[in-house]
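Undergrad: So you can see what is in the structure, the chains are spelled out below.
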Amino acid sequence: MKSSLTIRICMGTGGIAAGGADVMAVFADQLATKGIRADIRKHCSIHKVGCRGLCAKDVLVDVIRNGDKTTYQYIKPDMVERIIEEHVVGGNPVQEWAVGEDYHQFHDKQIKVVLSDCGNINPEDIDSYISAGGYSALEQAVKMTPAETIALIKKSGLRGRGGAGFPTGVKWEICRSVDASQKYIICNADEGDPGAFMDRSVIEGNPHAVIEGMTVGAVAIGADKGYVYIRAEYPLAVERLRNALKQARERSFLGKNILGSGINFDIRVKLGAGAFVCGEETALIASIEGLRGMPRAKPPFPVYKGLWGKPTVINNVETLANIPHIIRKGAEWYASFGTEKSKGTKVFALTGKIRNSGLIEVPMGIPLREIIFDIGGGIENNRKIKAVQTGGPSGGCIPAELLDITVDFESLARVGSIVGSGGMVVLDETDCMVNIAKFFLQFTQSESCGKCVPCRIGTKRLLEILERVTAGKGRLGDIELLESLANDIKATSLCGLGQTAPNPVLSTIKYFRDEFEAHITKKKCPAGVCRDLLSFVVLKDFCKGCGACKRVCPAGAITGERKQTHAIDPEVCVKCGACFDACKFKAIGKG
Amino acid sequence: MLHLTINGLRVTVPEGTTILDAARSADIPIPTLCHHPKLTPYGGCRLCIVEVKGINRPVTSCTTPVAADMEVATTTPAIERMRKTILELILSDHPNDCMVCEKAGDCTLQELAYFYGVSDNRFEGERRCYTGKDHNPFIGRDMEKCILCGKCVRVCEEVQGVGAIDIAYRGFNAKICPPFEKDLSCEFCGQCVSVCPTGALTGKAWTQRGRQKDVREIDTTCPYCGCGCSLTLHVRRNEIVRVSSRDDTINEGWLCPKGRFGYTFVHSRDRLKTPLIKEKGVHREASWDEALDLIASRLSKIGKKHGPDAIGGLSSARCTNEENYLFQKFMRAVIGTNNVDHCARL
Ligand SMILES: Cc1cc2nc3c(=O)[nH]c(=O)nc-3n(C[C@H](O)[C@H](O)[C@H](O)COP(=O)(O)O)c2cc1C
Ligand code: SF4
Ligand code: SF4
Ligand code: FES
Numbered sequence: 005m006k007s008s009l010t011i012r013i014c015m016g017t018g019g020i021a022a023g024g025a026d027v028m029a030v031f032a033d034q035l036a037t038k039g040i041r042a043d044i045r046k047h048c049s050i051h052k053v054g055c056r057g058l059c060a061k062d063v064l065v066d067v068i069r070n071g072d073k074t075t076y077q078y079i080k081p082d083m084v085e086r087i088i089e090e091h092v093v094g095g096n097p098v099q100e101w102a103v104g105e106d107y108h109q110f111h112d113k114q115i116k117v118v119l120s121d122c123g124n125i126n127p128e129d130i131d132s133y134i135s136a137g138g139y140s141a142l143e144q145a146v147k148m149t150p151a152e153t154i155a156l157i158k159k160s161g162l163r164g165r166g167g168a169g170f171p172t173g174v175k176w177e178i179c180r181s182v183d184a185s186q187k188y189i190i191c192n193a194d195e196g197d198p199g200a201f202m203d204r205s206v207i208e209g210n211p212h213a214v215i216e217g218m219t220v221g222a223v224a225i226g227a228d229k230g231y232v233y234i235r236a237e238y239p240l241a242v243e244r245l246r247n248a249l250k251q252a253r254e255r256s257f258l259g260k261n262i263l264g265s266g267i268n269f270d271i272r273v274k275l276g277a278g279a280f281v282c283g284e285e286t287a288l289i290a291s292i293e294g295l296r297g298m299p300r301a302k303p304p305f306p307v308y309k310g311l312w313g314k315p316t317v318i319n320n321v322e323t324l325a326n327i328p329h330i331i332r333k334g335a336e337w338y339a340s341f342g343t344e345k346s347k348g349t350k351v352f353a354l355t356g357k358i359r360n361s362g363l364i365e366v367p368m369g370i371p372l373r374e375i376i377f378d379i380g381g382g383i384e385n386n387r388k389i390k391a392v393q394t395g396g397p398s399g400g401c402i403p404a405e406l407l408d409i410t411v412d413f414e415s416l417a418r419v420g421s422i423v424g425s426g427g428m429v430v431l432d433e434t435d436c437m438v439n440i441a442k443f444f445l446q447f448t449q450s451e452s453c454g455k456c457v458p459c460r461i462g463t464k465r466l467l468e469i470l471e472r473v474t475a476g477k478g479r480l481g482d483i484e485l486l487e488s489l490a491n492d493i494k495a496t497s498l499c500g501l502g503q504t505a506p507n508p509v510l511s512t513i514k515y516f517r518d519e520f521e522a523h524i525t526k527k528k529c530p531a532g533v534c535r536d537l538l539s540f541v542v543l544k545d546f547c548k549g550c551g552a553c554k555r556v557c558p559a560g561a562i563t564g565e566r567k568q569t570h571a572i573d574p575e576v577c578v579k580c581g582a583c584f585d586a587c588k589f590k591a592i593g594k595g
Numbered sequence: 092m093l094h095l096t097i098n099g100l101r102v103t104v105p106e107g108t109t110i111l112d113a114a115r116s117a118d119i120p121i122p123t124l125c126h127h128p129k130l131t132p133y134g135g136c137r138l139c140i141v142e143v144k145g146i147n148r149p150v151t152s153c154t155t156p157v158a159a160d161m162e163v164a165t166t167t168p169a170i171e172r173m174r175k176t177i178l179e180l181i182l183s184d185h186p187n188d189c190m191v192c193e194k195a196g197d198c199t200l201q202e203l204a205y206f207y208g209v210s211d212n213r214f215e216g217e218r219r220c221y222t223g224k225d226h227n228p229f230i231g232r233d234m235e236k237c238i239l240c241g242k243c244v245r246v247c248e249e250v251q252g253v254g255a256i257d258i259a260y261r262g263f264n265a266k267i268c269p270p271f272e273k274d275l276s277c278e279f280c281g282q283c284v285s286v287c288p289t290g291a292l293t294g295k296a297w298t299q300r301g302r303q304k305d306v307r308e309i310d311t312t313c314p315y316c317g318c319g320c321s322l323t324l325h326v327r328r329n330e331i332v333r334v335s336s337r338d339d340t341i342n343e344g345w346l347c348p349k350g351r352f353g354y355t356f357v358h359s360r361d362r363l364k365t366p367l368i369k370e371k372g373v374h375r376e377a378s379w380d381e382a383l384d385l386i387a388s389r390l391s392k393i394g395k396k397h398g399p400d401a402i403g404g405l406s407s408a409r410c411t412n413e414e415n416y417l418f419q420k421f422m423r424a425v426i427g428t429n430n431v432d433h434c435a436r437l
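Protein chains in written order, with the working numbering: chain A, 5 to 595; chain B, 92 to 437.
Be aware that a few hints might be false.
As the list claims (entries may be wrong) - If you anchor each label on the Cβ, the simulated ranges turn out as follows:
#, chain 1, residue 1, chain 2, residue 2, range
1, A, 182, B, 98, 30 to 38 Å
2, A, 479, B, 357, 21 to 29 Å
3, B, 128, A, 334, 50 to 58 Å
4, B, 222, A, 198, 30 to 38 Å
5, A, 479, B, 222, 44 to 52 Å
6, A, 479, B, 329, 51 to 59 Å
7, B, 348, A, 239, 46 to 54 Å
8, A, 541, B, 169, 48 to 56 Å
9, B, 128, A, 260, 44 to 52 Å
10, A, 532, B, 196, 49 to 57 Å
11, B, 196, A, 479, 33 to 41 Å
12, A, 239, B, 299, 52 to 60 Å
13, B, 359, A, 236, 51 to 59 Å
What the hints assert, rightly or not - Below, in silico cross-link-like pairs of lysine-lysine (DSBU-like), each with a Cα-Cα straight-line distance of 30 Å or less:
#, chain 1, residue 1, chain 2, residue 2
14, B, 304, B, 273
15, A, 274, B, 175
16, A, 333, A, 260
17, A, 527, A, 588
18, B, 129, A, 314
19, B, 129, B, 144
20, A, 514, B, 224
21, A, 548, A, 579
22, A, 309, B, 273
23, A, 309, B, 349
24, B, 266, A, 494
25, B, 129, A, 514
26, B, 175, A, 302
27, A, 309, A, 260
28, A, 309, A, 333
29, A, 302, B, 266
30, A, 494, B, 144
31, B, 364, A, 302
32, B, 273, A, 302
33, A, 158, A, 314
34, A, 548, A, 477
35, A, 494, A, 527
36, B, 175, A, 494
37, A, 159, A, 314
38, A, 528, A, 590
Derived by calculation from the structure, the hints in this document are not laboratory data. None of these values were measured; they are calculated from a predicted model. Just so you know, even glycine gets a beta-carbon here, dropped at the ideal spot from N, CA and C.
For reference, chain A alone in the conformation it holds in the complex (with noise of 0.2 Å):
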């Protein structure tokens, strides 16, 4: 075997924040220096490549020497030397700085379908897509009639990513059976949950799989025209985008004659400023048309009267990210990951109190459990799990008694929770369920477009009942005022921000109602989260009087002689937790 050498240095926002583009320059510098030559295509390569999903151990690099591949965590400029000098050079890994078991472990249940090609491919080179099989997909979707195409889809059982679980070949269907002289697809990568970036991630990894799903579906509705709307806090998403459809339009997957096939398809960035609510499909659509970005009652829905009033598709980045490998693979293959209803795979930022938090890829139907505790490695710190909360703002918290469910668009739908887009929060012992739907609530309610009723005002007053139960304000019959007004609001509600922004209280409620209770009626906060509820006392048996505590208290509310029991003042105490984290004795209460 001729000798090869493959070096990949992950560049995705989370490596490049590690310090991933230091990594690169120094090791491409001191391969020079050593008189190995990186730039020969075929035989010795170093690229960039997107997120694999583990940001926390960045930045990763991959080196493949000879076929064999060792990936390093944690990698900083200063120890490239040493990598090039030992493996590269010598051919001995650096194993105490390789990945270990957990890194492993983390990507074994996990299946890629979307995520395959991210952190193997270097985003910025359609070379590098194309001999990862892409656009192989496009060639052959030109040479099938749309209905095929479209039959194709919805035998795969692909549905939407985007939140709602819609049937993607259907809507394609609907789309392309409407009569119009100007049809849109339009690419939705708005992404605004808190603490989801799974389109992020994809576009930024693979840019050129999702503008290859979109031409696809153009082909099949009927589309000459496309827009991506991404938001404008993504810089290098905008920036991999931009660059990816130049390369497709060079190389004829975009633009006039697509392939010599005669039909034409182009495609536009529009930035979008940041806006929640900006995702929802008919505000998407005003923000483009240069509108207030402000939903509007349907019917009549985009696929009839969408873009300047034309049928018009909308499809979430992932469900895009999707359609080259069913294409490629065929519908069987697609639908033989997942459920009877839920199909293929979904991408989900695994985040909270969780050991291995990242971006993960897994079939739809696999138990709770086994993401938390095969994938994720378990709750951090050894504490208890005591909830996950999936689907983001729009979401409910599914309590640890029901981690044996699955999670695909049905169950989770039954237990009062959703997939959503994937964003998945574990939650402890440590966290307080009310401060959870508080957090929530903030979010939905500051960004609420303020056009209806139930959710301008609505979710300010939830929101404001939330504060006052967790200031240790809260009333007897709050919480059937908080249900009352929650259930209201999902039902008046204009779009599916105020229709869904109950479901964090009301989740929480369902399952979690003695907390509630707790703050309300005995004015604790059974977590220890909620400040106002917190009281801090010195515990007479184990305080020794060395007097730290008094030391660190900024509001001089300790008392007492050296070698004498100390004591709080409960009036000046503001309640901000230095003594409890200074006391070597564990002689400071908190409850």
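Take the given structure of chain A and dock chain B with the ligands to it, following the hints.
TA: Okay, now just chain B with the ligands, sitting in the frame of chain A:
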């Protein structure tokens, strides 16, 4: 035509009609705040919700077109409860100072609060707080009373074609304002004032000039130009205190700034009430007979001495077509000159 039933009553309407219009055509009332028959449906206030059999959530009747054999219920206990919740929410962020509000007695919000008996409000909390800065003499804005129905924005854009205002900010802080929250700088047609369902927008000229119950409404034609818009003068103690226009008129209820706000001259002290004759550089009051006699004698003298073309006549755009016709006839047939023109050409 489509057939549907509303509250059990069979109704037949053309395709494309909204549920709201279908109900109104059958004299079935549905409360609304953001709907205006001449503006694009909005769906913002959510008060017009109704139940439709087969749809598992309430739908807004102002935005939903009817379908064949639809079964609509406009007042179920659940719907009425939700409407009341919505009103409570609106009033929880409202000054509720009806006793001094210009709009009292003529306010849709007040009326709905009355019919739904919203006296105890389950909700309380932060209220929006704005400082006004309207230096224009026409439109007063009290945005704390605004319920964000968006009618002013739509009328400005869709009817007037100006687009001087829109919604700024998000969520609870959403607010109607001109760009960059500057002072209002527009045509001041006051169309927004005419559609505002609350006391948020009012005419400055009619502040504290009288409640609606003391007012006599007199329909007339606007004297300002030949368009001849219909005006309704609101008259209290023989004084015009406000001008509006009915929407079933030639001008569909829309007016311009002069017609809507330019009426105070009627009661001006400086207004001329008799003809004046200038003698030795001084004006003195005269009777119409005396003045007209003087004009006739001077016109004939000038005509005789210098010929009719020495005389020219200028008429006014504020006259009616009939008056202008008579004037040119007078100039041509009586005086005998074609020297006649009109201020609108100047
Ligand atoms: C408030 C709100 C925010 C949304 N944000 C997004 C988003 O960021 N990305 C997205 O793809 N879909 C979002 N959606 C869903 C879209 O309206 C739409 O259903 C989706 O883009 C359709 O694509 P799909 O069928 O491929 O899922 C949002 C919906 C609502 C109500
Ligand atoms: S539900 Fe909220 S975000 Fe949606 S239209 Fe109403 S106010 Fe706007
Ligand atoms: S100012 Fe009046 S018309 Fe304009 S949105 Fe507010 S309440 Fe509606
Ligand atoms: S009148 Fe229908 S939502 Fe306001």
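Undergrad: Hint by hint, say whether it matches the structure.
TA: Results of checking the hints against the structure:
1. A:182 with B:98: 30 to 38 Å: 35 Å, holds
2. A:479 with B:357: 21 to 29 Å: Since the Cβ atoms of residue 479 of chain A and residue 357 of chain B sit about 57 Å apart, the hinted range of 21 to 29 Å is violated.
3. B:128 with A:334: 50 to 58 Å: 55 Å, holds
4. B:222 with A:198: 30 to 38 Å: 33 Å, holds
5. A:479 with B:222: 44 to 52 Å: For residue 479 of chain A and residue 222 of chain B the Cβ distance comes to about 33 Å; the hint is violated.
6. A:479 with B:329: 51 to 59 Å: 56 Å, holds
7. B:348 with A:239: 46 to 54 Å: 47 Å, holds
8. A:541 with B:169: 48 to 56 Å: 50 Å, holds
9. B:128 with A:260: 44 to 52 Å: 47 Å, holds
10. A:532 with B:196: 49 to 57 Å: At roughly 55 Å between Cβ atoms, residue 196 of chain B and residue 532 of chain A fall inside 49 to 57 Å, so the hint holds.
11. B:196 with A:479: 33 to 41 Å: At 36 Å between Cβs, range holds.
12. A:239 with B:299: 52 to 60 Å: 56 Å, holds
13. B:359 with A:236: 51 to 59 Å: Given a distance of about 56 Å, which is inside 51 to 59 Å, the answer is holds.
14. B:304 with B:273: This hinted pair is violated, its Cα atoms lying about 36 Å apart.
15. A:274 with B:175: Since the Cα atoms of residue 274 of chain A and residue 175 of chain B sit roughly 41 Å apart, the hinted pair is violated (cutoff 30 Å).
16. A:333 with A:260: 27 Å, holds
17. A:527 with A:588: 28 Å, holds
18. B:129 with A:314: 24 Å, holds
19. B:129 with B:144: Since the Cα atoms of residue 129 of chain B and residue 144 of chain B sit roughly 29 Å apart, the hinted pair holds (cutoff 30 Å).
20. A:514 with B:224: 48 Å, violated
21. A:548 with A:579: Judged against 30 Å, a Cα distance of about 22 Å means the pair holds.
22. A:309 with B:273: Answer violated: residue 309 of chain A to residue 273 of chain B is near 35 Å, above 30 Å.
23. A:309 with B:349: 40 Å, violated
24. B:266 with A:494: 23 Å, holds
25. B:129 with A:514: Roughly 45 Å separates the two Cα atoms, so the pair is violated.
26. B:175 with A:302: 24 Å, holds
27. A:309 with A:260: 25 Å, holds
28. A:309 with A:333: Outside the cut-off at roughly 33 Å; violated.
29. A:302 with B:266: 24 Å, holds
30. A:494 with B:144: Within the cut-off at roughly 19 Å; holds.
31. B:364 with A:302: At roughly 60 Å apart (the allowed maximum being 30 Å), residue 302 of chain A and residue 364 of chain B break the hint.
32. B:273 with A:302: 34 Å, violated
33. A:158 with A:314: The given pair, whose Cα atoms are some 23 Å apart, holds under the 30 Å limit.
34. A:548 with A:477: The hint is violated at about 36 Å.
35. A:494 with A:527: It holds: about 29 Å lies between the C-alpha atoms, which stays within 30 Å.
36. B:175 with A:494: 15 Å, holds
37. A:159 with A:314: Judged against 30 Å, a Cα distance of about 27 Å means the pair holds.
38. A:528 with A:590: The given pair, whose Cα atoms are some 21 Å apart, holds under the 30 Å limit.
Violated hints for the displayed structure, listed by number in ascending order: 2, 5, 14, 15, 20, 22, 23, 25, 28, 31, 32, 34.
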